[in-house]
Amino acid sequence: MRILVTGTAGFIGAALGMRLLERGDEVIGIDCLDTYYDVGLKRARLARLAASPAFTDLRIRLEDRQAVAEAFRAHRPERVVNLAAQAGVRYSIENPMAYVDSNLLGFANILEGCRQNGVAHLVYASSSSVYGANTNMPFSVHHNVDHPLSLYAATKKANELMAHTYSHLYGVPTTGLRFFTVYGPWGRPDMALFKFTKAILEDRPIEVFNYGHHRRDFTYVDDIVEGVIRVLDRPAEPNDAWSGADPDSATSTAPYRLYNIGNHQPVELMRYIEVLEQCLGKTAEKTLLPLQAGDVPDTYADVEDLVRDTGYKPATPIEVGVRNFVDWYRGYYRV
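Just so we're aligned, residue 793 is where the sequence shown starts under the working numbering, counting upward by one.
Possibly wrong hints are sitting among the right ones.
[Unchecked claim] Listed next, the in silico SDA-like pairs over lysine to any residue satisfying Cα-Cα at most 25 Å (straight line): (1) Lys987 with Gln858; (2) Lys1105 with Arg1063; (3) Lys987 with Asp1101; (4) Lys1105 with Glu999; (5) Lys987 with Arg840; (6) Lys990 with Lys1105; (7) Lys987 with Asp1087; (8) Lys987 with Tyr1124; (9) Lys1105 with Leu1080; (10) Lys987 with Val881; (11) Lys1105 with Asp1014; (12) Lys987 with Thr1102; (13) Lys1078 with Leu993; (14) Lys1078 with Lys1105; (15) Lys1105 with Val1059; (16) Lys1078 with Glu999; (17) Lys987 with Arg882.
Just so you know, these hints were derived from the structure itself, not from any lab.
Construct the entire structure; sequences and hints are all you get.
Right, dumping it as structure tokens:
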């Protein structure tokens, strides 16, 4: 298939692009190479994709309406995976307008491109952060998520609402994927595993928020990619049993679906750090701090719908995933 993937210089986008190319798809990649983190790392990810003649690299900002529209007209993608976004819960507290531009305006342009060009399926990244103040565990796509705790989370919830509108009004099949704490090789420098690894190897203390007591459903990047592909290959369909009298937030009478993609095995942060220390052969000096604004204490994914509909369940243990990250980090940075 000809698949447009936004965010191909990013962590998940680059990994997805590689898998799609390996299975014989044509990939049209969109990225703007913003400076939120190391552009050199982004270029290195793109270089791996560019080795394939089936990869087209477009330098576009999603909020540029005309450029996005032209990309759709010129390349006529059959399916679209939108992974590009301004990432990071904490940065959204400092610079909220960056999230409005990329995550709201940019996503609207992607939806419009899909509508105007007859795209057969749009899959887009949502986030576990949409569960916000909800403490009903494990988090289910059928739960209420009307109380986000950061603007980043609010923009992801808004994406789900915008997608439903396009599915309902224009019949565009859309599927939103709520990712849970993705980690692994080629990861982002602003994420905990990357920051911890760098600090420990440089003999600097690491900042451990919530005194290390919060739990995360750490999900290995290859598991995320497999989930995306499984979903991409089965366009969303209407739920004929849906009822407005008892509405299900994860489905609709429109071709609309939501899924969690998580490891379904939450791990306490201190255990995660312990595994990293074992992989590095070094003990971290820890600075214990309270929970940060915008963060939630725990995440735990209910993946029952994903398993039922795609036959896939993420399962990479942190002992394997963290080891793979450390091996990549040492190789990439020659440490």
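Hints versus structure:
Restraint check for Lys987 and Gln858: not satisfied, since their Cα atoms lie roughly 37 Å apart, outside the 25 Å limit. Of the pairs offered as hints, the one joining Lys1105 and Arg1063 holds, with about 22 Å between alpha carbons and a cut-off of 25 Å not exceeded. Restraint check for Lys987 and Asp1101: the C-alpha separation of about 36 Å exceeds 25 Å, so the hint is violated. Restraint check for Lys1105 and Glu999: not satisfied, since their Cα atoms lie roughly 32 Å apart, outside the 25 Å limit.
A hinted pair counts as satisfied when its Cα atoms are at most 25 Å apart, and Lys987 with Arg840 qualifies at roughly 24 Å. Among the hinted pairs, Lys990 with Lys1105 is inconsistent with the structure: their alpha-carbon atoms are about 31 Å apart, more than 25 Å. Annotation: proposed proximity of Lys987 to Asp1087 holds, straight-line Cα distance about 17 Å (limit 25 Å). Distance hint between Lys987 and Tyr1124 is fulfilled; the C-alpha atoms sit about 15 Å from each other, no more than 25 Å.
Simply put, Lys1105 and Leu1080 have alpha-carbon atoms about 34 Å apart, too far for the 25 Å limit, and the pair is violated. The hinted pair formed by Lys987 and Val881 meets the criterion: a straight-line CA distance of about 15 Å does not exceed 25 Å. A C-alpha spacing of about 12 Å is found between Lys1105 and Asp1014, which places the hinted pair at or below 25 Å, so the restraint holds. With a C-alpha separation of about 34 Å, the suggested pair Lys987 and Thr1102 falls outside the 25 Å cut-off, and the hint is violated.
Between the alpha carbons of Lys1078 and Leu993 the distance comes to roughly 13 Å, so the proposed pair stays at or under 25 Å and holds. At roughly 33 Å between alpha-carbon atoms, Lys1078 and Lys1105 are farther apart than 25 Å, so this suggested pair is violated. Proximity of Lys1105 to Val1059 is assessed by CA-CA distance (about 17 Å); at most 25 Å being required, the pair is judged to hold. The straight-line distance between the Cα atoms of Lys1078 and Glu999 is roughly 6 Å, inside the 25 Å bound, and the hint therefore holds.
Only pairs whose Cα atoms come within 25 Å are accepted, and Lys987 paired with Arg882 is accepted, the gap being roughly 14 Å.
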